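Protein chains: 2
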Amino acid sequence: MIKVVLLGSGNVAYHLALALKCAENVELIQRYSRNGTNTNFFDKSIPHVTQLNLLESADIYIIAIKDEAISEISSKLKHLKGLVVHTSGAVPINTLSSNINRGVLYPVQSLSIKQQIEFNKVPLVIEAEDDVNLQLLHKLASKISKHVFELDSVAREKLHISAVFANNFSNFMFSCAADLCKKFEIPFEVLKPLILETGKKIQYMDPLEAQTGPAKRNDQEVIEKHLSQLSGDHRKIYQLVTAAISKTYQHKENNHGKKL
Amino acid sequence: MIKVVLLGSGNVAYHLALALKCAENVELIQRYSRNGTNTNFFDKSIPHVTQLNLLESADIYIIAIKDEAISEISSKLKHLKGLVVHTSGAVPINTLSSNINRGVLYPVQSLSIKQQIEFNKVPLVIEAEDDVNLQLLHKLASKISKHVFELDSVAREKLHISAVFANNFSNFMFSCAADLCKKFEIPFEVLKPLILETGKKIQYMDPLEAQTGPAKRNDQEVIEKHLSQLSGDHRKIYQLVTAAISKTYQHKENNHGKKL
Chain A
1 MIKVVLLGSG
11 NVAYHLALAL
21 KCAENVELIQ
31 RYSRNGTNTN
41 FFDKSIPHVT
51 QLNLLESADI
61 YIIAIKDEAI
71 SEISSKLKHL
81 KGLVVHTSGA
91 VPINTLSSNI
101 NRGVLYPVQS
111 LSIKQQIEFN
121 KVPLVIEAED
131 DVNLQLLHKL
141 ASKISKHVFE
151 LDSVAREKLH
161 ISAVFANNFS
171 NFMFSCAADL
181 CKKFEIPFEV
191 LKPLILETGK
201 KIQYMDPLEA
211 QTGPAKRNDQ
221 EVIEKHLSQL
231 SGDHRKIYQL
241 VTAAISKTYQ
251 HKENNHGKKL
Chain B
1 MIKVVLLGSG
11 NVAYHLALAL
21 KCAENVELIQ
31 RYSRNGTNTN
41 FFDKSIPHVT
51 QLNLLESADI
61 YIIAIKDEAI
71 SEISSKLKHL
81 KGLVVHTSGA
91 VPINTLSSNI
101 NRGVLYPVQS
111 LSIKQQIEFN
121 KVPLVIEAED
131 DVNLQLLHKL
141 ASKISKHVFE
151 LDSVAREKLH
161 ISAVFANNFS
171 NFMFSCAADL
181 CKKFEIPFEV
191 LKPLILETGK
201 KIQYMDPLEA
211 QTGPAKRNDQ
221 EVIEKHLSQL
231 SGDHRKIYQL
241 VTAAISKTYQ
251 HKENNHGKKL
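Read top to bottom, the protein sequences are chains A and B.
Each residue of the first sequence is one higher than the one before, starting from 1 at the first, in the working numbering.
Each residue of the second sequence is one higher than the one before, starting from 1 at the first, in the working numbering.
What the hints contain is simulated information worked out from the structure, not anything from laboratory work.
One should not assume that every hint holds.
Stated by the list, open to error - One side of the interface only, derived from the structure: several residues of chain A facing chain B at Cβ under 7 Å:
id	residue
1	109
2	110
3	123
4	149
5	164
6	167
7	170
8	196
9	244
10	245
All figures in this text were calculated on a predicted structure; none of them were measured in a lab.
Ideal placement from N, C-alpha and C gives every residue a C-beta, glycine not left out.
Could you put the whole structure together from the sequences, leaning on the hints where they help?
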């Protein structure tokens with residue numbers, strides 16, 4: 001049985017609480033939150049405290065709070081014997097106080113209390129400073145998810161850069177599309193099923209293969225027509241991304257000995 | 001009963017054939033394809049011809065072939081009395097020969113024979129040159145989809161520009177993420193559930209609200225760290241898109257009277 005204490009009351013804490021509560025051979029013995037935010041969303045059967053000096057003895061303490069508060073809270077946990085992990089993608093392991101057993105359990109997903117999710121499909125990226133703690137963390141992680149990856153803080157930062165493109169930047173492309181629809185007086189609804197399918201396709205197809213459109217075909221006539229209707233950042237993004245796509249596929253065709 | 005003849009053998013023709021075959025008060029009386037490609041994928045009960053002079057008399061002829069071949073095939077259909085529609089998002093209605101009843105039935109989705117889809121959820125954008133034909137086309141479209149939109153060729157081009165951002169450019173962001181994972185030696189698998197969720201979220205949330213990440217927070221420390229690990233087009237795209245996101249949310253906060 002792995003005894004776990006959870007610290008936090010936000011989106012990540014909410015989904016972790018649900019997953020830990022259902023996991024076999026895992027006991028979520030306590031939850032801490034400073035001011036009891038979102039208490040109504042959490043399972044009432046989990047003992048809840050609002051003071052750190054009331055924390056029970058556990059094997060793993062999971063800090064699921066804002067990035068900027070991780071350092072401070074960990075400095076108040078120096079007396080604990082268990083493994084203390086944070087759940088952030090962007091914060092290095094050594095942001096946690098140096099006198100504790102430190103680790104990271106980072107769910108690579110955009111989580112929201114409002115949105116139910118199959119947590120066992122969420123990839124968990126883990127890190128610890130020695131084999132014993134890494135094994136313990138791996139054991140816990142694999143009880144709540146089928147997809148566990150070991151990455152150190154350097155690799156996790158690289159993953160974060162890739163996630164910025166995969167999530168933040170793709171979402172901004174949806175935002176540009178919504179903006180344009182508004183400007184052009186076209187209902188954005190028309191594009192929603194296409195957006196859903198764009199993400200679904202990547203689950204079984206390499207994005208390089210999934211690419212379509214005028215930039216891939218290097219269709220200058222259509223590209224010029226489109227540019228004539230764009231201005232400001234939309235125009236700059238259209239030009240840069242179109243050039244990058246065209247270059248990618250020209251290179252690809254060159255490599256296969258086809259046309260320039 | 002609306003009698004339909006379908007011309008084509010590709011991805012769009014395949015899904016239209018399935019949808020038309022199941023639609024009430026619609027009879028798919030014939031399919032034409034020049035060289036019988038993909039014949040095995042199509043329902044054998046649909047009469048199939050490979051010569052245009054064998055086309056039956058129908059209410060609507062749907063041309064689901066490549067953009068560049070639409071003009072030529074329509075010039076060979078001048079003798080037909082029914083409504084002749086193409087299925088392209090990028091081709092104006094007047095690319096069809098002027099001596100026929102012309103229209104457009106454009107499914108706004110990325111369709112593939114390999115991938116099953118709920119066709120009644122695919123938005124259909126329709127256009128015709130007079131009310132009688134528009135009504136007929138609307139009647140047919142609403143028998144195979146719950147989402148029918150009337151847009152003329154000018155508006156359809158604008159929709160296409162928006163779709164380039166929503167689909168082509170977002171997919172290229174996934175492609176950049178996959179590239180970076182390869183370069184950084186991180187499994188791209190880790191990001192796939194996040195990519196799926198990115199598209200799902202837009203189904204019920206404004207992309208402007210769904211935006212997260214260092215660019216939105218204007219977190220210069222993280223942005224600088226990320227840029228130091230990027231080069232070439234990845235770096236250029238990171239800089240431009242980050243600046244555009246930061247600007248969007250600064251403006252937003254300004255409008256609400258918050259910080260600059």
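Consistency of the hints with the structure:
With 7 Å as the threshold, the beta carbon of residue 109/A comes within range of chain B, its nearest partner Cβ sitting at about 6 Å, so the hint holds. Because the smallest distance between the Cβ of residue 110/A and any Cβ of chain B comes to about 5 Å, under 7 Å, the interface hint for this residue holds. At about 5 Å, the closest approach between the beta carbon of residue 123/A and any beta carbon in chain B falls short of 7 Å, and the interface hint on this residue holds. At its closest, the beta carbon of residue 149/A sits 6 Å from a beta carbon of chain B; the interface hint therefore holds under the 7 Å criterion.
For residue 164/A, the interface hint holds, the least distance from its beta-carbon to any beta-carbon of chain B being 6 Å, beneath 7 Å. The beta carbon of residue 167/A is positioned within 7 Å of a beta carbon in chain B (closest approach about 5 Å), and the interface hint is therefore held. Restraint check, residue 170/A versus chain B: the minimum CB separation of about 4 Å is within 7 Å; hint holds. Restraint check, residue 196/A versus chain B: the minimum CB separation of about 5 Å is within 7 Å; hint holds.
About 4 Å separates the beta-carbon of residue 244/A from the nearest beta-carbon of chain B, less than 7 Å, and the hint is met. Look at residue 245/A: its Cβ gets to within about 5 Å of chain B, closer than 7 Å, so that hint holds up.
Going down the numbered hints, you'll see the structure goes against none, and every one checks out.
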